Amino acid sequence: MQVSWVRVVLDIPRQDAFDYRCEHPVQIGQRVIVPFGSRQLIGVVIELLPAPALDPDQIRDVEQVLDDLPAFSASWLALAQFASRYYQRSLGEVILPVLPNGLRKPTAYLGKRSAGGPVARADRKKRSAPATVVPSPIVLNAQQQQAVQQICESDGYAAYLLHGVTGSGKTEVYLHAALTFLQRGQQILMLVPEINLTPQLETAVRARFADLVAPEEIAVFHSGLADGERLKAWADAQRGKLKVLLGTRMAIFAPLDNPGLIIVDEEHDASYKQQEGLRYSARDLAVWRAHQAGIPLILGSATPSLETWHHALSGRYTRLSLEQRAKTRFLPDIRLVDTRKAKLNQGFEPGVLEAIRTRLERGEQSMVFLNRRGYAPVMHCAACGWVSQCPRCSVHTVLHRTPGSGYQLQCHHCGFQSRVPSICPDCGNQDLQPLGRGTQRVEEFLQDIFPAARIQRIDADSTRLKGSALRLFDEVHTGNIDILVGTQMVAKGHDFKRLGLVAVLNADSMLFSADFRAPERLFAQLLQVAGRAGRHAEGGEVLIQTGYPDHTVYQTLLNNDFPAFADDLLAERQDTGLPPFTFQALITAEAKSVQRALAFLQEIREQAATVLADEGEPDAVCLYDPVPLRILRVAHVERAQLLIESASRPALQRFLQQWLPQVQAIGQKQRMRYFIEVDPLEI
DNA sequence: AGCACGCCGACT
DNA sequence: GTCGGCGTGCTC
Ligand SMILES: [Zn+2]
Ligand SMILES: [Zn+2]
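Using full-length UniProt numbering, the first residue of the first sequence is number 1, and each one after it goes up by one.
Calculated directly from the structure, the hints in this document are not laboratory data.
Computed from a predicted model, the values in this text were never measured in an experiment.
All clues given are correct.
Derived EDC-like pairs (lysine to aspartate or glutamate); straight-line CA-CA distance at most 20 Å:
id : residue 1 : residue 2
1  : K497      : D474
2  : K466      : E229
3  : K105      : D68
4  : K105      : D67
5  : K497      : D333
6  : K497      : E364
7  : K105      : D11
8  : K126      : D227
9  : K497      : E361
10 : K341      : E354
11 : K112      : E63
12 : K669      : E603
13 : K105      : D123
14 : K343      : D508
Please build the complete structure, drawing on both the sequences and the hints.
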């Protein structure tokens, strides 16, 4: 066998690629096991080298070429390459972390327990085929039909904003369009924001495509799957065995080679943005992937992100509106409840409690939405003003009810737990009070005034165990629950047939957040919760408690004029020079003391001025003053950030490419932990 | 990111 | 004397 040289990417931060000698047949896109220092790693071959670029005695040998899956295709590698360039990470830091565990750990292949490797092991495992329900025939209305037709007649790449409220039948458009592309022999990639939303959609997909697609040609891909299941779905995608892949943001990296249509449901949702490691936006990568593959893309939402709305206005995306609610759906009556004039009872305006009582008497479900888990956001001493504080973070600790009948303080940022002090640590006062309320306290209060009601709380705490979310939602669906108390977890997607009333308690808390996207996000969330009520009968009602009923967010809910709201926000963003009219990147530095983090950011900022001057474009990119984060300290680490902004995306990208190597050098010298985020969601 | 190498404090 | 603390520097 002819010896060759290969360039391999590994999951090593800020390092490009490493060259190896290879005595086996090998091609680009194959995974290999290589020695690296004293350990072994799995890497991916990205280049075949005509000759070694290094001293031959520094080059080591590839130990094994893995061939239990086909090599990654050129188009898949191009996607990874784009993400690497755009998000400013090494290619290895993109490729390896997106692979299922078994495919990136050499131990899965070595040793006597490896049993033919992870793929063979996953294939051997018996899995019960999911039951398929018989679909009920669906008739599309004129707008839906027109949308489907336009999508299916796309010539190559086209991006569609499918704009329609809950119940307007977006899912039907997805499914009908998907059917056409399946008939053409192409694959469908469908993204949803949350794991919770996959079961309902999977059932619908399986039912609808049962005639055309075998059960094993449909797969689900998200982080809630066990390692083996995730690996099986990925392997089937890479082997070309799938027709439909349904998943959360990570599914955007699935190695499908013949996609015909990509669908991003609830495209505005912040969950599409990865918040750690490679901070990518699956929505934006979906646009790139569709463009590269030359296929249509559907971005669906009732409340599109302003980025998407802006593109729809400029003509880059085609807007398809669904204004008619499907025939079998009803619009709930949305009302604002002015809390300024009311005496609240445990956060409830009296009329809201009465409305719940009425629904109870009629045997209908109510939902209370409160975006705050735990019993109370903080413990407080009325005598001296002491509040419960996390010793490791600069935040309050939250009072939680524990499974017994006790209480505990928890930090929502670092997980720190502590006992509730019986007296004030500062002044010895014996009467510490919980301040405010979370879902646990609301649940307790409602149970107190409606003793006979069956109340269920659904939040991150009550659904911690695997599968418990599914079970709780089932309870609600089967009607065993009268009142549902929940956080944003209950806001999305679920279609509760007997739900007549939705009450929103603390919407205002999001109104004055420091984040410039707050109004947009609040509106999306409120419309989404509102969409839970009265979908299947008349008389559905949504009550939103607010102290600011005149605010445009609330007024837009009443007059149902999203376009006007979005246009106003866009005008404001243009005036203030914010996205989507500018492009941003954010560097966050972490250190024991914020002074050190700020000093580092200040130094790299000064370096930036030199880079910009050298490029002859001193004003193309603006770097703001470094600032401490709003929550300064988390788990004993203090953080500061530096915002970088430009009116031109290419200029920003060019600048980052020039500047980041110097940032790295300074970071190394100062032993500073930092990371960069392109298109940050929150600043 | 690991993991070794290295040079200083308190322990069988 | 050596066990182990984690600073620093490489890994094709
Ligand atoms: Zn006190
Ligand atoms: Zn904490």
